[in-house]
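Chains as they are written, first to last, in the working numbering: chain A, 1 to 143; chain B, 1001 to 1143; chain C, 2001 to 2143; chain D, 3001 to 3143.
Calculated directly from the structure, the hints in this document are not laboratory data.
Please read these numbers as outputs of a predicted model, since none were measured by experiment.
Careful: at least some of the hints might be erroneous.
[What the hints assert, rightly or not] Computed list of lysine-lysine pairs in PhoX-like fashion (alpha-carbon distance at most 25 Å, straight line):
| no. | chain 1 | residue 1 | chain 2 | residue 2 |
| --- | --- | --- | --- | --- |
| 1 | C | Lys2009 | B | Lys1031 |
| 2 | B | Lys1054 | B | Lys1031 |
| 3 | B | Lys1054 | C | Lys2031 |
| 4 | D | Lys3054 | D | Lys3031 |
| 5 | A | Lys9 | D | Lys3054 |
| 6 | A | Lys9 | D | Lys3031 |
[Unchecked claim] Here are some chain D residues the structure puts well away from chain C; computed CB gaps all over 10 Å:
| no. | residue |
| --- | --- |
| 7 | Ser3011 |
| 8 | Ser3013 |
| 9 | Leu3020 |
| 10 | Val3023 |
| 11 | Met3029 |
| 12 | Lys3031 |
| 13 | Asp3040 |
| 14 | Lys3054 |
| 15 | Ile3055 |
| 16 | Ala3069 |
| 17 | Thr3094 |
| 18 | Asp3106 |
| 19 | Phe3140 |
| 20 | Phe3142 |
Cβ coordinates follow ideal geometry from the N, Cα and C atoms, glycine included.
Protein chains: 4
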Amino acid sequence: MSSTFQQLKLSHSGALQLLLAAVERATAMRKPQCIAVVDDSCNLLAFVRMDDAKILAEGSAIRKAKTAASSRVPTGDMEDGLAVKLAAATEGNTTNLKGGLPIIVDGQVIGGIGVGSGTGDEDREVGNAALVGFAGAQTFQFD
Amino acid sequence: MSSTFQQLKLSHSGALQLLLAAVERATAMRKPQCIAVVDDSCNLLAFVRMDDAKILAEGSAIRKAKTAASSRVPTGDMEDGLAVKLAAATEGNTTNLKGGLPIIVDGQVIGGIGVGSGTGDEDREVGNAALVGFAGAQTFQFD
Amino acid sequence: MSSTFQQLKLSHSGALQLLLAAVERATAMRKPQCIAVVDDSCNLLAFVRMDDAKILAEGSAIRKAKTAASSRVPTGDMEDGLAVKLAAATEGNTTNLKGGLPIIVDGQVIGGIGVGSGTGDEDREVGNAALVGFAGAQTFQFD
Amino acid sequence: MSSTFQQLKLSHSGALQLLLAAVERATAMRKPQCIAVVDDSCNLLAFVRMDDAKILAEGSAIRKAKTAASSRVPTGDMEDGLAVKLAAATEGNTTNLKGGLPIIVDGQVIGGIGVGSGTGDEDREVGNAALVGFAGAQTFQFD
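From just these sequences and the hints, can you work out the full model?
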């Protein structure tokens, strides 16, 4: 086996594009949000807290992004008993709040976007709107 | 969009007034309390722990104040499943214990007051008594 | 030996009196401050952050109060090499910043007051002004 | 004394503008950076980590922004003995690394920008370039 490999990465330019698209949707909805984008390593790439968004949503938006990037599926659909154990075992970084979406391009997870301050469904809508405008990204539909 | 805006802030004078009014009510009830006041950014503005109040209520009173300032509604009425997730995702800062009330003047949230050491209903009564005496502040009625 | 003993304690009323006296002096100096009062157990009794005081001084004011209550002498005069070790060994709670003063009545340390946001000398002046107005409290003179 | 007051705040739109201007300068310098913008309360408003910027500079950039917003002067010019004490007393949030600048408009501190991943002087240059393009903001010259 090879000792190194190539990996697709999300650039800061791509992260800012996601951020701005999310801000645009949240503005149109008149629902201010905290929006975080992390890379595939769960490290923060970009963040913004919109005017009048909830202060405490800074932490939850970042954790939603991390959870989605790590688990590779949207947050919020985990079995609750498992979710509590995972939260406890990861210093709160794994969250089952709705609003985290993996950023998947060409079948590869290159990061996550997390949105928080609205209802779970509003948060998901904003995150997905950002993905819709991102070339090649997988998008999500929720009931 | 503008790069700056004006916002109403709670002064330390206002915070101390809230604190003293809460102490007065708690004294009349013979129920010593921890009382915290935070600003709209969830930073601590004023705090007091009354004689015989529970030591560990320091932390819960402060978190009640933060939660109310951030969520803009009284604490304690969140759905419990959601509350646990939000607590985990915000390092314990979001709490669903009763006793946190937003401080709302002219329709703007300028902070939160958190009261802890009594029963949830006693905590709410003390917090609301402080708001009743605060010029222009929204007050709350609980069943 | 007896299995229990009586101890002189600082009341919340006394703590608030110290707080208000410190605010009065800081106001007269036109130097807004963060002011913390802890009891002999180093637990927070009272706190206020004045308008325009430095946000990050919340933590340092509280730690100055704790250090003074624990060490029973004013903060700031420790040998610096020792101070670094004590800070590291106490999770930052021991600080050698000026502005923490023990509250000593009848030769007993009943707490500490910590002041932060000004220069070290300004912080000390505000803390001492609060002690000067506190019946029976030892006061301090600095060069 | 009044219980409330009006205060000038930095909008998310203003924060993003600062972020993009800083990215532009860093790109021109071919020196990727982590860039953080906090409000006057030291809460994160916006952040970006550029491609190839140092991962660990996320934390230092944010703390530089907080320190500048709280102290109201550029970071890096504090006496080192004092700086170590302040860092320890504020959970590492106060830093004396170069690269944090207060955002001052109409004489009011409305936040801080922190830049990290280059040399201290490069960090300062990027932060100041962002301020130069911000309407009404005070700028800084360093030797």
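Going down the list of hints, with the structure as the test:
no.: 1; hint: C:Lys2009 - B:Lys1031; verdict: holds (19 Å)
no.: 2; hint: B:Lys1054 - B:Lys1031; verdict: holds (11 Å)
no.: 3; hint: B:Lys1054 - C:Lys2031; verdict: violated (34 Å)
no.: 4; hint: D:Lys3054 - D:Lys3031; verdict: holds (11 Å)
no.: 5; hint: A:Lys9 - D:Lys3054; verdict: holds (15 Å)
no.: 6; hint: A:Lys9 - D:Lys3031; verdict: holds (19 Å)
no.: 7; hint: Ser3011; verdict: holds (19 Å)
no.: 8; hint: Ser3013; verdict: holds (23 Å)
no.: 9; hint: Leu3020; verdict: holds (26 Å)
no.: 10; hint: Val3023; verdict: holds (26 Å)
no.: 11; hint: Met3029; verdict: holds (30 Å)
no.: 12; hint: Lys3031; verdict: holds (28 Å)
no.: 13; hint: Asp3040; verdict: violated (8 Å)
no.: 14; hint: Lys3054; verdict: holds (24 Å)
no.: 15; hint: Ile3055; verdict: holds (24 Å)
no.: 16; hint: Ala3069; verdict: violated (7 Å)
no.: 17; hint: Thr3094; verdict: violated (6 Å)
no.: 18; hint: Asp3106; verdict: holds (15 Å)
no.: 19; hint: Phe3140; verdict: holds (19 Å)
no.: 20; hint: Phe3142; verdict: holds (22 Å)
When held up to the earlier numbered hints, the structure conflicts with 3, 13, 16, 17 and fits the remainder.
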